[in-house]
Structure formats: C-alpha cells, structure tokens
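S.K.: With the hints as constraints, model all of the structure from the sequences given.
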Amino acid sequence: MKRILLALLCFTPLLNAQAQFPYVRFGLEGQAGFTSNDQVPFWMRSNQFGSVPLSGPSASLIGSARVDYDTSKTKLVDWGASLQVRGNAGKGSNLTLIEGYGKLRVGIFQLQGGRIKEVMGLSDTLLTSGNYAISGNALGIPKIQISIPEYYPIPFLGRFVAFKGNFAHGWVGKTPVQYGDTNMTTTQFHQKSLYVRLGKPTARLKLYGGFNHQVFFGDEKYVWSEKGFNKNRFQLSSWETYEHVIFGKVWNSSKVGNHIGSIDVGFEYDFKNVRLLAYRQTFYEVGGLAHLSNISDGLHGISLTNKKTSTKKIKWEKLLFEFLYTKNQGGEAWSKITPSGDEDYYNNYLYTTGWSYRNVGLGMPFISSRQNIRRGLPTYPKDYFVNNRVIAFHVGIAGSAGAFKVLSRLSYSRNYGTFGTSPIGHTTGKLHTDPIYGIFPITNQFSGMVDISRELSKGLTLGGVAALDAGKLLYNSVGFQLRLAKTF
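Residue numbering for the sequence shown is -19 to -1, 1 to 469, as defined by mature numbering (1 follows the signal peptide of the UniProt record, and there is no 0).
Please keep in mind that the hints were generated in silico from the structure rather than gathered at the bench. These numbers were taken from a predicted model, which means no experiment stands behind them.
Distance condition first, Cα-Cα at most 35 Å in a straight line; then the derived DSBU-like pairs of lysine-lysine: (1) 98 - 230; (2) 467 - 299; (3) 236 - 308; (4) 202 - 411; (5) 386 - 72.
Per label pair, the in silico range of CB-to-CB distance: (6) 92 - 142: 16 to 26 Å; (7) 437 - 404: 53 to 63 Å; (8) 422 - 18: 20 to 30 Å; (9) 213 - 442: 54 to 64 Å; (10) 384 - 409: 50 to 60 Å; (11) 165 - 257: 45 to 55 Å; (12) 216 - 167: 12 to 22 Å; (13) 393 - 362: 24 to 34 Å; (14) 256 - 318: 35 to 45 Å; (15) 376 - 423: 20 to 30 Å; (16) 52 - 271: 39 to 49 Å.
Here a beta-carbon is modelled for each residue, glycine too, at the ideal position from N, C-alpha and C.
M.R.: Here it is, written out as structure tokens:
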C-alpha cells in the first residue's frame, strides 16, 4: 500500500505545471468495491485496458496526467504526453502502469511511443463488445508508431477520399513457446493498418473500408534450430525476417510469426435526428479467409447516435446492437478443406498463451482463456483460449436521467469450446485430430453491467457500477463499485 501511495503522490508536484501549460490535465480517482465468489464480473474486467480491480473487497487509486495538443490555433508541430497509474489494495496489492506515452505531431503525421490505450478496427468504440484484433481488453503493448490518426481528406480528389493508418513496432517481452529448442522467446510486435473513407466530411453518406495486421515474432533461430527443427534450420537475416513478417511471406511452408487481423467494412448515414453506423469485421489468422472458408464468421454492429437536442429528463444518446459469430472457422464438416485447417482463433501452435499479453487476451473478450472459465469444462491441452466458437448478442446503451449519466452493456452468448473439443476435432488439411479430451457442451452465459455517474461540481464526479455474471461458462458473480473522481 505504501508503494501505491508513494507513486500517486508523485503527481502532486506536477500540478504546478498547469499554469505554464494550459493543455495539461490531471486526474485523481478513488474506488472502493466488492465482488463475489472470488471473481471479477465480465464487464468489470473486459475492455478496460488492463485497469481492473482485485476480486473480493478492494480499494483502488488512479492517478493521471495528460498534455494534449493545442487546439486553439493550428500548429505545424506540436507535442503531447499521457501517464496513468493504478494501484489496487485488497487481498493483495499491485501497481500498474495503465498508460504512458509521448507523442509528436508534424502536420497530419504523428510519432508516438510508449504504452497506449487504443483499439484497432472499425466499430463503435464506446459501447462495442470488443474488436477482433485489439479490443483494449489487455494492457497496451509498448511500441513506437508513426500514424495518420485522423481521416485525412485528399484535396486533389475533392476531399471525397480520406484515409488514415499506422505502422508500429512493439516489444512483448519474454513469451513461453511450446516448440523448438527453447521454451521462451523474446517476442516482438508488428502492426499496421489502413482505412479509407469515401464521402466528403459534410456528406450524409460515408463508406468505410480497411484492414489491420498484427504479428508476434522473434528469436526464430532458436525455435527452428538444428535441434528443435531438424528439417530446415532458420537462416534468414534480421531484415529478411522483418520482410517476411511485414508482407506475410512464407518460409518453409508457413509464415514467420503469429499473424492476426481483420478486414472491415461499414457505412455511416446522417439522418435528421439520428446518425447510423453499420459495420462488419471479418477475421483472418492462419489462411482460411484466402479460401473464404471462414467467411461466415464476423462481428456485425449497428450503432445509433441521437443528434436531437432534448430537454426531457430521460433521453438516450447512443444505442448499439452487435452480433458475433465465430463458430465456423473453416472447420465444419461441410467447410472447404484448406491446408491450414480450422482457424482456431487466438490460439497458436508456437506461442503457448496465444494472442495474449501478460496472459490477458488482446482481442474480443467473448473468446475465453482457460483461466476465466469454470473448471470441469472440457479443454484441449495445447489451447490457451479454450472457448473460441461463440455466438453472441450484445446491446449497449448510453444516455441520461436528469443529472445522471447512464451507460449499460448487456450480453448473451452460446459457447461451443474449440474444434479440439467438438465432435469434429481439430483439422489440418485433410487430417482430423479426434476429440479425445471430451466434448464441450453448448453453454449459455449472460453478463451485464450498469454504470451511473453524476457531476457534483466542476471537475468532481461521483459514480457507481453494478455488474452480474449468470450462466454455465463463467462462475456466477456480482460486483459493485463506488468511485469519486477529480480532474484539474
């Protein structure tokens, strides 16, 4: 507890800097809560960028400092930074850097480095159940990136075409592997994205499309060594390895690293009183999408934003409806046979903990790791994500009731385990692996939360959260939390 208080007290001297830098903002938040059954309910821990309370009775302090770009005038060059630290105390204690980065803007370009709270993909970022590639479910991977963070309309095309994107390199750290002449690699992270918008900024109709691509890689020479992989020792140079990673080139019948991403499409239409956003994310990992074998899988969303000014005491601001389907994966009995077999989302034959960072899934939280589900459900031993075949319905709502702000997420899912625990078994080409570890039963799950807050005075907000898990996938639990936040 002393460590937590000491770290948060470090923010106090920074308050004096606010007079010199008007775009400096500070925040201090205290939380107290309780969760039952030694669990943190689903919507109290999911998509929180790693800022999660301890189970049981606990207290938390969150300190933050942020320097934003100067928006009062147009600058060719500007800079910013952000720092957020969370300390938890309860059955145990921990101190976590939730965010810490610096950024430099030159025209439309931005250079940024550190741990960043961000998501990747086309969706309603406020209420979504989670993007496929990067949902904000885990802590951000430390990285350095160059980006065009906002859609830039191309002048010579009449501002009808706009684009944004990023190119990043990150450091995951030591990662357990289950193959080759080592049990641990120093893993690096590659990320890039490109999204295009068709339609002028003032147009009612806008079309969106784009992709994102992420890779875990590193220490291949230790994995494919003479001892660990005697068919063909890894001999690519560092640049050749990076080239294979960036372009997804094949080496020895497989890609270098663990590749994952989504191809996204959507449209936005401005009605008189409502803005409509509709989108779909299509997933790719080991190659099934190239054969359209998993094309039926995807995240589908419809978001409605209320544009109408109202004096009513109760009003809605945003509604979201999402449907998630990940059950096919190109592994069904009727699916087209592909060399890579079923996609087995988020699992990887090399990386023991799959698509995770510090043992927490980087993508959509509906795909469950073995540490989050009930004991006793059948699991395939090599799978870290033991439930990736999911059908889920998700509703989100944001609004107000008088002086209170209200936000709610309600989700219902049917869960089918993995193909390794299905009657079909895992597939690789025409090869089927029998499900000798049991058949995962169809398992229903409901998770919901309500967040209510009210501004007591300028910069001072009181809020509370109630959350519930009920079903057969997760342990049943309830959680309550009160918070008091002050911004300076």
